[in-house]
Every structure is written in structure tokens, then in C-alpha cells.
Amino acid sequence: MFNAPENWKKLTAQEKRDARFASWMAPDLEFATPDAAQAYKQRIQMIKDATDLKKPERVPVLPWIGVYPTTYGGITAQEAMYDYEKLGTAFRKFNADFLPDGLASAALMGPGKVFDMLDYKIYHWPGHGTPVDTSYQCVEGEYMMADEYDQLINDPSGYFMRTYLPRAFGALAPWQMLGPFTDIIELPFVGLGMIPVGIPPVQEAFKTYLEAGQAVMEWISAVGPIDGASIATLGLPNIIGSFSKAPFDIIGDTMRGTRAIMLDMYRRPDKLLEAMDRLVPIAVEMGVRYATVSDTPMVFIPLHKGADGFMSNKDFQKFYWPTLKAVLLGLIENGTVPYLFVEGGYNQRLDIITDPDIPAGSTIWLFDHTDMKEAKKKLGGWACFGGNVPGSMMKAGTPQDIENYVKELIDGVAQDGGYILANGAVLDDTNPENLHALIDTGKKYGVYK
Amino acid sequence: MSQELIDAITDMREDDALEITDSLLETNTDPLAILDDCRKAMEIIGQRFEEGDCFVPELILAGEMLKEISVKVKPLIQEQTGTAKKLGKIVFGTVEGDIHDIAKDIVAFMLDINGFEVYDLGVDVPPARFVEKVQETGATVVGLSGFLTLAYDPMKETVAALKAADLPDVKVMIGGGQIDDQIRVYTGADAYGRDAMTAVSLAKQWIGGQ
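Just so you know, the sequences run in chain order A and B.
Taking my numbering, the leading residue of the first sequence gets 38, the next gets one more, and so forth.
Taking my numbering, the leading residue of the second sequence gets 226, the next gets one more, and so forth.
If you're looking for bench data, these hints aren't it; they were derived computationally from the structure.
Being a predicted model, the structure only gives us computed values, none of them experimental.
Note that the Cβ used here is the ideal one computed from N, Cα and C, for glycine as well.
You may find that some hints are simply not true.
Said to hold, decoys possible - A few chain B residues that don't get close to chain A, going by computed Cβ distances all over 10 Å:
1. Asn253
2. Asp337
3. Gly363
4. Thr423
Stated by the list, open to error - For each label pair, taking beta carbons as the anchor points, the in silico distance ranges come out as:
5. Gly454/A with Asp241/B: 21 to 31 Å
6. Glu276/B with Cys175/A: 50 to 60 Å
7. Asp120/A with Lys310/B: 49 to 59 Å
8. Asp406/B with Lys481/A: 21 to 31 Å
9. Asp392/A with Glu268/B: 36 to 46 Å
10. Arg273/B with Arg304/A: 11 to 21 Å
11. Gly216/A with Asp240/B: 33 to 43 Å
12. Asp120/A with Gly347/B: 28 to 38 Å
13. Asp415/B with Phe243/A: 54 to 64 Å
14. Lys47/A with Leu243/B: 55 to 65 Å
Work the whole structure out from these sequences, hints included.
Put into C-alpha cells, the structure is as follows:
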């Protein structure tokens, strides 16, 4: 937990960020060895220097890891979601053997049992709709209907509780019968307002909800020590303690779905814009809160539906960028660091995202299919960036291919600092030699002189 | 031909397009002529997509307008005249283990408006179903779609299954977010594409020897 100093409100964004970094660097944790403690600090210092657009001691190497640690550890992704002992063995081994500069967190696999109990509808996960050894996948659909924008805008939490969550989770379907909490404002209304809570299916839904909460506690009390052990013995900081999303993606990914949100751009643009505005403070608050609770300044933000090809630059500037920018500014203002995972290509968007309103040295952009020379030209001196080692090469290339690619990146775009070495697509499928080539080349070749 | 209808569709004026369709039908326009205007409009939109002047929202909306107009028009068509001759047959789908369909649908749409008969098998399609469909239809091109890196191995297995089924005239193209030439080599596919236009030009190249 990050404890803000008393003068917090008087601090500048930069001072707030420095305070968060300082707290991240001094965790409430006993390291196994002085070396581990030092390595931990060193790694965070490198990340901080890169964020501040300075030259760190060397290029930080932060591969974005998916389910590969399960394959490497000889278990399936499904086992990792249900058997926390196997999960722990696999992830501890992965972190120890590869030693990236950031922890591959066991928490990101998620608790399969909880999804089962709640009958989660929006995703397929290993062994539950998708193969046991691959990642989870989103089931596209309209979980929010076209005529529900006003409900979302007027009362987002109420809409989530009584409409969206009952669709997203089969076990919570009876919550549709609940009344709004805002009914309960005066003595005579309390009895009446509570009636829906007594309806048997609603009671059943709450019972399942409480049991799922208990299952989550079992999961986190298993997963916390797994990650804790890797942090304490290896000195690997956990990078991803917080997350948020672009408002367009919040609605487009798991509420309206891709097709529906794209039709909304034509059929009800004003409602869509209003709803996205409404979600800005919610997305900021979520990112800041998790950053505070986890004591990590980084706020992970995967970008999805604003990539090249999805929409014109004109629409990107109208629908995608303004509310994403507002979320970024809100996060920066609170001393957190937006850590953007820019999926797809952003070659057409580089001029737009390098917005002068966003202070230099306050964001991190990890790209996939974006031309890195162009990214360097546009982002250099403005924001830390990286990424781009292709998923195809991690799978089908040789260690030599990867070594050459990494060297080219470091020579071509890392020379001035402000750079993080990472793969482009979430790493689900590779082999040990290739991953070693990525990490080890970055460490050996990325030392700044 | 109603230029007004074509313009309404290509300008993405959905309400106008539907109103114009209604008034055309009220004035006893040949329903087939209306569908022909839709086809012309779709061709224009397809061209704009190829040229980077329109994007996914426009394709999806155009598809919706086409559907809505067809619902109004088709019941009024007395007898089905012979459908236009197709250039060739293509079996298409997202490979086993992958449930993504947006990009697949766009490619299938572009192939369709370019005159190909597309048999879309949907998502999470096992290798054997591709083989069966090719054998059943006599298609000469197979298109494999996949969004995530997890599609690499199923693509490879599908190509192998087609080879094992002794279908030497069948060519395979692959595409998707994480597909490049390295993966083409890895899977043994004949070609890969980064976008829907590549799929169209490959299909034209392979079918009819253009």
C-alpha cells in the first residue's frame, strides 16, 4: 500500500510520481539476500530513468508474458488457473530461470474456480471453451444493448450491478431484480427498498457471490506468496499492480462489442461520446486506486480498437483519443505512470498521440506492429517507448534471429535512453532458447556507456 | 439505377438509404434493380476500403444497410433469376482454438463483393472440417484466419491436413494480427496477407490465373 505524504495535495504531478517510485523502491518486504534487495532497487531505478527519458544503467528488459510460463513449467494453462501449487512451481521457475527485469506475475492467470462459480459468460478460458494450453479469449457480443446508454450515463454503478453484471455472470442473473441502492433514503423506504433482496433467486445469487469472494481469498492468499517469493529471492519488481482502459475499449471490448460500438459511431455518436466522457473519472479512479493499493506507480492500459485500420484518423480523433487522453492526464496528475500496451499498429496515430498537452516523460508506450524508427522520431524526447519484437519470431525464429533483431532495435532506437525492450504481442508461445535470446541480448547489449 | 440510393449507402446515410428504398418500392421499381444498386454501392465501399478511405465501422454499417434493404426487397422478387457467375470457390474460417471473427468477416465480405463464392465455416474450425468442405465444394482456395499467436500451430495442422488429404490443387492463404512471412513458412501455407485486399488479390491470382 502506498501511503501518501501529508502534503500530497500540494505536490506537483512529478513530485507525486517521485513519491510513488520511492515507495515502490522501498517495499514492506524482507528480501532473501542483500543482492536481491539491491537488484530490486536497481531494476526500478532503470525503469524510472527510462520513464524520465534519461539513460539508465542499461535498457530495462520487460517482456510482456502471457501463458508461456505454464508451458515452460510443464503444466497446462488450465492447471495454472485451478491448481495453485502447480501455478506457483511454474511461475517461480520461470522467473528464476529467465530473470527479466519485471516479475511474471502468477496473479495474471486468474482464478478459474471463481469464473466457474460465477458462470462468467464474456470469456472462454483454458479448458472452458478454449484449449487447455492456450490463453483466455473474449466472446464478442452485446452485453449492453443499444438503448441502454442513458442508463449507463445516469448511474454507471447501478447499471453495472443490475444490468451488465447479470448478463456477464450467469450466477448473478437474479441481480436484475434488485432495486437501486438510491431508493434507500428514508425510514419507510428501507423496508420496501429491501424487498428484492429477499427474493429467493436473489438470495441464492448473493450466496454464490459470497462464496466466490471466499474462493478469491483462497486464490490470492496462494498467489500473493508465489509472487512474493520471486520478488524477495530474485529482486524482480512487480510491474503490473494497476490497470485501466481507454473508455472506447471499455465499451467496445466487453460491453457493446466491436460490431455494435462501430455502428454506434454512426447511429448514436452523441450517446457514445457522452458515455465515454462519463467513464473517464471512473477509469482514472480505478487506475489510481490499484496503483495505491499495490504500491506500483505503473498503470497498465492495453489499447485495442483504436489501432490502424480499425477507424480513420478523423474518427480516432473524435471517438478514441479525447477520452483516452483525459484518462492519461488524470493518471499523470495523480503521480501514476500510464503503461500503454499498444496492440496492432499505430503508424497512422503517432502524430496524434504525441499530444503536447501530455507532459514529456510521463507515459510509457509499448508497441507491436508500429515502425520503431518512426516511433523514435515522434516519441523520442517526449515519452519512453519500446516493444515490437515480433510474436512470429518468438515462435518460429531462431535465437540468432532474435539476437539480431534486438541488437538492431537497441542500435537503432535506444541510444538516447527512454527505451524499454519488450516483445510486441503477449508472449504465449515461444521456446526457452528464443526467450533467453530476447532477455539475455537485451541485458548484454543494452548497457549504456 | 438510382444514383440517389447508391450515394446514400456510400455516404453512410442509413436512414436516407432505407427511405429511398421504400419510395423506390412504392413507385414500383424493379426489386432486382435495387439490389443491383446495393451491389454497386458495396463495390464502391470495397474500393474505398482498399484505398484506405473507409474502415471497419463503414464496412459494418454497409453490411447492415445491405441486410436491411434485402429484408425489404427480397420478398418482392417473384422468381430468382440465375445468380451471377462466381469467379471461384473459397473455403474460409478461423482456425481451431481461436474464436475471433471480426477480421475473418471483413475478408470474407471483401472476397464476396469481388465475385468469389465464399464458404465461411465460422470460428474454432478443426482441420478436418476445412478438408471436408473443400472436398464437398471443390473449392481451390482455403483462407485461414487467426487473431492470436495461438493460431500458429492450428494453422500448421490445417495445412498439413489439407496436404494429407491429397488436394494438390488447393492453395492456402493465412492472415491475422500476428501473421507474417515467418509464420507462412512455419505453417507451410502458400501465402499470407496483412489485410483483406491482399486476400482478394491472392484469390484473383490463384483462381483464373490472373
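Supplied distance hint 11 to 21 Å, evaluated on CB atoms of Arg273/B and Arg304/A: Since the Cβ atoms of Arg273/B and Arg304/A sit about 20 Å apart, the hinted range of 11 to 21 Å holds.
Distance restraint evaluation - Gly216/A, Asp240/B, Cβ atoms, bounds 33 to 43 Å: The hinted range 33 to 43 Å holds for Gly216/A and Asp240/B, with Cβ atoms some 37 Å apart.
Range hint 54 to 64 Å (beta carbons of Asp415/B and Phe243/A) holds or violated: Holds, since Asp415/B and Phe243/A (Cβ atoms, about 56 Å apart) stay within the stated range.
Asp337/B and chain A, when compared Cβ to Cβ, separated by more than 10 Å: holds (17 Å)
Gly454/A paired with Asp241/B, Cβ distance criterion 21 to 31 Å: Cβ of Gly454/A to Cβ of Asp241/B: about 55 Å, so the range 21 to 31 Å is violated.
Distance restraint hint 28 to 38 Å, applied to the beta-carbon atoms of Asp120/A and Gly347/B: holds (33 Å)
Status of the stated non-contact between Gly363/B and chain A (beta carbon gap over 10 Å): holds (31 Å)
Beyond 10 Å from every chain A Cβ - status for Thr423/B: holds (13 Å)
Lys47/A versus Leu243/B beta-carbon gap, inside 55 to 65 Å or not: At roughly 59 Å between Cβ atoms, Leu243/B and Lys47/A fall inside 55 to 65 Å, so the hint holds.
Asp392/A versus Glu268/B beta-carbon gap, inside 36 to 46 Å or not: Holds, since Asp392/A and Glu268/B (Cβ atoms, about 38 Å apart) stay within the stated range.
Hint check for Lys310/B and Asp120/A - Cβ pair distance inside 49 to 59 Å: Roughly 58 Å apart at Cβ, these two residues keep to the hinted range, so it holds.
Satisfaction of the hinted span 21 to 31 Å by the C-beta atoms belonging to Asp406/B and Lys481/A: The hinted range 21 to 31 Å holds for Asp406/B and Lys481/A, with Cβ atoms some 28 Å apart.
The structure fails hints 5 and 6 (numbered hints given earlier, in ascending order).
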